[in-house]
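Asks: Residues per chain, in single letters:
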Amino acid sequence: MHSVDYGKLDFSVPVEAIGIRSQFGSNVIHENLNLQLRSGEILGVVGGSGSGKSVLLNTLLGLKRPDGGVVNIFGHDRKNITESELKYFETRVGVLFQGGALFSSLNVRENIMVPMRLHTNLPVPLMRELADMKLNMVGLPMTAARLYPSDLSGGMRKRAGLARALALDPRILFLDEPTAGLDPVGATAFDELILELREALGLTIFMVTHDLDTLFATCDRVAVLVDKHIAIADTLDKVVRYDHPWVAEYFGGPRSRAAGLGDAR
Amino acid sequence: MSASVQNSHEAYRLEIDQGQLIVHAFGRWTLATIKPIDRALKADLLALGYGKVKTSGEDYGVDDTEFGGVVFDFKELVRIDTAGAFILTRTIGCHDGMCRMWRVRNANPGQKILLSAAAEASAGMAMQPPKPWYDPLSRLGEGFLNGLRETYETIAFFGHFCVILFKMLLRPQRIRWKSVFSHIENVGLDALPIVVVLSFFIGCVLAFMGSDLLEAFGAKVFVVDLVGLAVLREFAVLITAILMAGRSNSAFTAEIGSMKMRQEIDAMTVIGLNVGETLVAPRALACLVSAPILTFFAMVSGLLGGMLVTWSQGISPILFTARITEVVSINHFWVGMAKAPVFALVIAIIGCRQGLAVGGSVESLGRRTTTSVVQAIFAIILLDAMFAMLFLKMDV
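Residue numbers (the working numbering), protein chains in the order written: chain G, 1461 to 1725; chain W, 25 to 420.
Each hint should be verified, as a subset may be incorrect.
Every beta carbon over 10 Å from chain G, so not counted as near; a handful from chain W, in silico [what the hints assert, rightly or not]:
{"no.": "1", "residue": "S282"}
{"no.": "2", "residue": "L380"}
{"no.": "3", "residue": "G383"}
Taking lysine-lysine and the BS3-like style, the derived pairs with C-alpha atoms no more than 30 Å apart in a straight line are [stated by the list, open to error]:
{"no.": "4", "chain 1": "G", "residue 1": "K1547", "chain 2": "W", "residue 2": "K59"}
{"no.": "5", "chain 1": "W", "residue 1": "K191", "chain 2": "G", "residue 2": "K1468"}
{"no.": "6", "chain 1": "G", "residue 1": "K1698", "chain 2": "G", "residue 2": "K1547"}
{"no.": "7", "chain 1": "G", "residue 1": "K1468", "chain 2": "W", "residue 2": "K417"}
Hints listed in this document are in silico derivations from the structure and should not be mistaken for laboratory results. Please read these numbers as outputs of a predicted model, since none were measured by experiment. All residues carry an ideal CB built from backbone N, CA and C; glycine is no exception.
Given only the sequences and the hints, what does the whole structure look like? Please build it.
Replies: Below is the structure:
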C-alpha cells in the first residue's frame, strides 16, 4: 500500500520511549522516562492521578511533542521517519480514548467507517458490513449501529470507541482507562474481550488503567509511573514486591486485597 | 464422491468433497487485500449456486440440499484479520441466524477465535427492513406535528417565563443584576456600532429612492415625510430586532445549549438554582433594556442618513428638521419604540428556549441555533405585521 522498507523496521519493539521529558511551563511531568512496548504483550501503566499517564499516552501517540528525549516507532525516531512510514504506523495503531471520543455528528456505524474510508479503498457496502461485524465483536447490538453517540450509555460508548479503534485491524492498541466507568460485570467482559482480541489478532496492547482487576486479569507487564519516571516495568508479581512507598500503598490497599493481589506481598 | 476442484483463485481454492465445501485459503487475507478477493469469492459462490438462500415459503433456512457444511483449511494461510475472516464466513451463508455447519483445520487458536467471532457476527447481522412506500407521507406528517408542537412549546415557555419575570419584578432583589449588566454590554453596547451603521445606510437608501420617485411628481420635499415615517415607524426597530436575532439570539442558544450538553443545566437544577431566574431572566431583561435604546439610536442615525442624502438633493438640514418636526407626528416615534421591547422579549425567549432544547450532540446544537434564528426573525416579521394592523385600527 505504501512504499515502506519493512526490513528497516524493528517489529519486536513497536513503540519505545527513551529519556522522555515533558513539562508544562515550569511544571515537569516526566523526567528521564524510559518505557518499551514489546510486540505481543499487554502492558499496563499505573500511576496516581495527575502523574502524567495520559500525557505519556499522548506523547507515544505523537499528539504531544516530548520536551526532551526520543519516541521510537519500530526502532526509529519519530521525528526522523518518513511520511509513508508514519502512515504505515497510523494504520497499524488503534486508540480508545477515555470517553470514547466518538464523532458526535456521525452515528456509530459511520464512526467505525471513518478510518476505513480514510485508509482503504473498499466499497461502501463492504465497509458497512465490516463495521457491523466490529460492532458485534465488541458486544454491541446491531440496533446500536444507527444510534448517535449522545444516545449511548458510557459503557456502550466505550465499546463503540473500541470498535472504531479496531476498524483497521491494528497491530497495536492504545487504551486509556478502558474499564473506568463500567460496572464490574461490564469491566470483566471488557477484560475478556481484550484478551480474546489479543489472542485472535495478535495485538500488542498499551493500557493506562486504574482498575486492579483489569491489571490482574489481562496485563503481562505492569509499568509504574511514579516520581516522574517509570520506576519499574515488570510482571505483576515483581511489581507488587517492588520496594517503593507508593507502590506499597497502591497494591497493599483494601481494593488491591479485594482483587487478590494483597496475598502476593 | 471424489474431490473435485471447483474453482480457484490466487487467494483460495474451493473444493467439493462428499457434500462439503472445502475452502483452502492462501496468503494474506487482510483489510489491504480483501477487496478483489471478496468480489471473486462472491461471484464464485454464486456460480456454485451457493449465495442463494431460500426466501419463499415458511422455510427461511439456507439452501442446504447440496452442501452439508463448510471446512476451512488454513494450511497455507499467511495472515488473516477480522476483515478477511468476515469475507471467509460468507461461505457459511448465514441468513436470519441460520448458518451452515463449519469447522476449520490447520488453524492456530487465534485464527479459530477470529473465525468464530466473524461467524457469530455474520449470524447476528440482521437485514435492514426496507422503508415502506408511505415513508415520505409519514415524514411530512411528522414534520407538521413537530411544527405544531414547537409552536405550542414556545408559547408555553413564553407564558411560563412571563410568570417568572412577574414574580421577580415583585421581588427585585432576586434579579441577578451583575449578569443583567454583563448581558446588556453584549446585547446592547457591543451591537450599537453595527445597528447605527446599518440604519444610517437604510436612511440613505430610502432618501435616494424617495427623492428620485417624488421628484417626478414635483413633490420632492415630501421625501422628508417618507424618511421620517418609514425610519421611525418601521425600519429602526426592525433593523434592531433582526440584528438582535442574528447576534444575540443565536449566542443565547449556543451558550445555554452547550451548558445543557455538559450537564451544567442539570447540575444547576439539582443544586436548586432556577434556570428561568438564573439564565433566562437576565438575558431577557438585558434585551428588554437594550432594544429600546438601540432602536432610539437607529432612529437617529437613520434620520441622519436621510438628511445627508436629501441635503445632496437640495433640501438643507434646516429645512429637513423643520419639516420633520412639523409633519411627522410624535406618534410615529412612539409606535416604533413601543414595538422594541416586545420584539426583544420574543427574541430572548426563543433563544433561551431553543438553547434549553438542545440534546446531547453537537449536531443538535447546530440545528437548534439555526432554528432559533429562523424562528426569531419569523416571529419579528409576523408580530410587526400584527402591530401594523393594530395601529391602523387604533388610528395612530
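Asks: If a hint holds in the structure, say so; if it doesn't, say that too.
Replies: Okay, the hints, checked on the actual structure:
The Cβ of S282 (chain W) lies farther than 10 Å from every Cβ of chain G, with a closest approach of about 12 Å, so its non-interface assignment holds. The claim that L380 (chain W) lies off the interface holds: its Cβ sits roughly 16 Å from the closest Cβ of chain G, which is beyond the 10 Å cut-off. Separation of G383 (chain W) from chain G is inadequate, the least Cβ-Cβ distance of about 6 Å not exceeding the 10 Å criterion. Simply put, K1547 (chain G) and K59 (chain W) have alpha-carbon atoms about 20 Å apart, close enough for the 30 Å limit, and the pair holds.
Taken as a hint, the K191 (chain W) and K1468 (chain G) pair is broken in the structure, with Cα atoms around 76 Å apart against an allowance of 30 Å. Taking the CA atoms of K1698 (chain G) and K1547 (chain G), the gap is about 37 Å. The hint is violated against a cut of 30 Å. Taken as a hint, the K1468 (chain G) and K417 (chain W) pair is broken in the structure, with Cα atoms around 89 Å apart against an allowance of 30 Å.
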